[in-house]
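*Asks:* So the chains spell out like this:
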Amino acid sequence: MTVLDSTITQRIDAMRPHFPTEQALLIPLLHEIQGKAGWISRDAMQEAASYLHLPLSKVLEVVTFYTMFNTKPVGKKHIQVCTNVACFLRGADQLVASLEKRLGVHAGETTADQRYTLSEVECLAACGTAPCMQVNDDYHENLTEESLKTLMDKFDQEFQ
Amino acid sequence: MTKKLLTRYNNTPGSHTLAFYQSVNGYQALEKALAMTPDAVIDEVKKSNLRGRGGAGFPTGMKWSFMPKAPVDAEGKPKPKFLVCNADEGEPGTFKDRLLMTQHPHQLVEGMIIAGHAIGATRGYIYIRGEFVHETRRVEAAIEEARAAGFLGAKVMGKEWSFDLCVYRGAGAYICGEETALLNSLEGKRGEPRLKPPFPAQVGAFGMPTCVNNVETFCSVPTIIAGGAEAFASLGTERSGGTRLFCVSGHIEKPGVYELPINITLPELIAHCGGVLGGRKLKAVIPGGASAPMLRADEIEVAMDFDSLAKAGTMAGSGGVIIIDETACIVEVAARLLKFYEHESCGQCSQCREGSHWLARMFDRIERGGGTEDDLNMIAEICSNMAGQTICAFADAVTGPALSTIRKFRSEFEEHVRLGRCPCKHEGHAYPHSQIHHASARL
Ligand SMILES: Cc1cc2nc3c(=O)[nH]c(=O)nc-3n(C[C@H](O)[C@H](O)[C@H](O)COP(=O)(O)O)c2cc1C
Ligand code: FES
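Protein chains in written order, with our numbering: chain A, 1 to 160; chain Z, 1 to 443.
Honestly, I wouldn't trust all of these hints.
[Claimed, not checked] Simulated restraints, written as ranges between beta carbons of each label pair: (1) Val135/A to Thr265/Z: 35 to 45 Å; (2) Ser50/A to Leu419/Z: 52 to 62 Å; (3) Thr2/Z to Val135/A: 49 to 59 Å; (4) Val72/Z to Thr9/A: 50 to 60 Å; (5) Asp307/Z to Thr9/A: 48 to 58 Å; (6) Glu146/A to Ala141/Z: 26 to 36 Å; (7) Thr144/A to Glu160/Z: 56 to 66 Å; (8) Ala380/Z to Thr9/A: 46 to 56 Å; (9) Thr150/A to Thr12/Z: 28 to 38 Å; (10) His53/A to Gly227/Z: 46 to 56 Å.
Everything labelled a hint here was simulated from the structure, so no lab data went into it. The beta carbon of each residue, even a glycine, is placed where N, CA and C say it ideally should be.
Put together the whole structure using the sequences plus the hints.
*Replies:* This is the structure:
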């Protein structure tokens, strides 16, 4: 099964006139792939390499450099809690602890039902509304134990 | 009441739209700038004393004047010039560019078009950190509106000059905020900083002369052109014009982004934000993003402008002010910061790669009670092998929190060593559960 479809290639082709090189389209293409598949498999890297006429090694080099690119599958909801200093000062570690307890996984792991992956991440540039976390594309800020519980209950319901 | 230049229309519904922006005189500065020569625009920005808001505080007008006027390649063909906006906003404690892009994206677009005119660029890129999905959409929508209105594209406002903007998303790497790493990332490569010289003004994006500025820097440009350089300069100090967006976080009653005079004092700033959280006692302040050396509570009588903070042995950096109260353990805070640097070192230079790793391990060991007196003495030695020894300023940044904490709070470190545990980890401590996670906590 190929991951590159016409929606993706059209978006990339639309960006092409803005850039003098093909390689500049690599990171946008990887974002598109991950947006669709949730992660970037070796096969997907090969497809990206062929599409942009780059050697696979160039793609690998880039994928492995950037934290946001997942090289293994993640849960449908990727919960990324900021544990950098401002969030830490406002209790981020307790949020991680209660998420670990609720989900039954450690930070860095995915639940057995593939619904959730829990990660600790560095500063999300939302320190004024700490503690905060990002779930897929969305930020959740000014979190408390209660608001976290409400949010997680809502996510659970979405899976019902 | 402080004069607000960049955030006057905060929280105004629709402030991100072109219709709103034009209803408050948006794009009139562009019209004025296009009637001026590029050199006149650069002179105006020089006179305004605008200094870059990305961290280094470099004079913006001077940076623009470093751009070659009519560069040619080896065959004598003219080379394009590029403009780049640094919207990577990765310095821990900094969250102002996010606000500017969400609420006032046209201010950024207008500032970039004026800058493009001043340096004679044909194209601009806005490099936005990958996590900012919604912010990216806002900026893209603003670009589209501006293009439809004739402010971007072929013949900007009917003039013989074409200029367009394009958004580029980062993918989670703090180092890509460093301008040459950013340029590599923009070219679709690993975000590893480049050796300077050549500087980006000579060899920048895709080998072409390039000028890189921060979001807030560009956002200040329309108000300089519209209101005049003198008005802008007069709001600041002799060497640094305008207002500044301070991002205040940590143990503070009212965290947030505050646009204030650039030379407000730190105690005034803390008071302005409602004081220390819960009325507790202040212990320390990180005044300019995670890389800025910490100030102890008895050192905070200082103005927040670039020069005053430099004189106080720290830096104004990115405007990220992190307040730390008496309930925090400084060793634990420092360990947290060093874990960040260990994770984010790009690994290119061995001093930085190894040094960040060593420091992170040592601070963590000390925090958990396994440190020795030798560890305490070795911190400064490791730092001296890092600062100024590498391709970019990341290694210097690491030494900011490492050296300032061990020097200014040595007794707290010594107590950890003596007790063989963190003295703050007892019942009644504000955050008794906090502990450093080790296992590879990220994917
Ligand atoms: C490690 C490191 C990280 C940086 N991160 C950022 C950043 O996130 N945003 C930014 O605008 N500048 C950042 N900078 C500063 C840029 O290199 C550059 O000086 C700045 O974008 C220039 O813009 P200005 O002149 O408008 O300040 C960083 C520098 C270093 C050394
Ligand atoms: S420290 Fe958590 S968002 Fe900045």
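*Asks:* If a hint holds in the structure, say so; if it doesn't, say that too.
*Replies:* Okay, the hints, checked on the actual structure:
{"no.": "1", "hint": "Val135/A to Thr265/Z: 35 to 45 Å", "result": "holds, 39 Å"}
{"no.": "2", "hint": "Ser50/A to Leu419/Z: 52 to 62 Å", "result": "holds, 60 Å"}
{"no.": "3", "hint": "Thr2/Z to Val135/A: 49 to 59 Å", "result": "violated, 36 Å"}
{"no.": "4", "hint": "Val72/Z to Thr9/A: 50 to 60 Å", "result": "violated, 36 Å"}
{"no.": "5", "hint": "Asp307/Z to Thr9/A: 48 to 58 Å", "result": "holds, 52 Å"}
{"no.": "6", "hint": "Glu146/A to Ala141/Z: 26 to 36 Å", "result": "holds, 34 Å"}
{"no.": "7", "hint": "Thr144/A to Glu160/Z: 56 to 66 Å", "result": "holds, 57 Å"}
{"no.": "8", "hint": "Ala380/Z to Thr9/A: 46 to 56 Å", "result": "holds, 54 Å"}
{"no.": "9", "hint": "Thr150/A to Thr12/Z: 28 to 38 Å", "result": "holds, 29 Å"}
{"no.": "10", "hint": "His53/A to Gly227/Z: 46 to 56 Å", "result": "holds, 50 Å"}
The structure fails hints 3, 4 (numbered hints given earlier, in ascending order).
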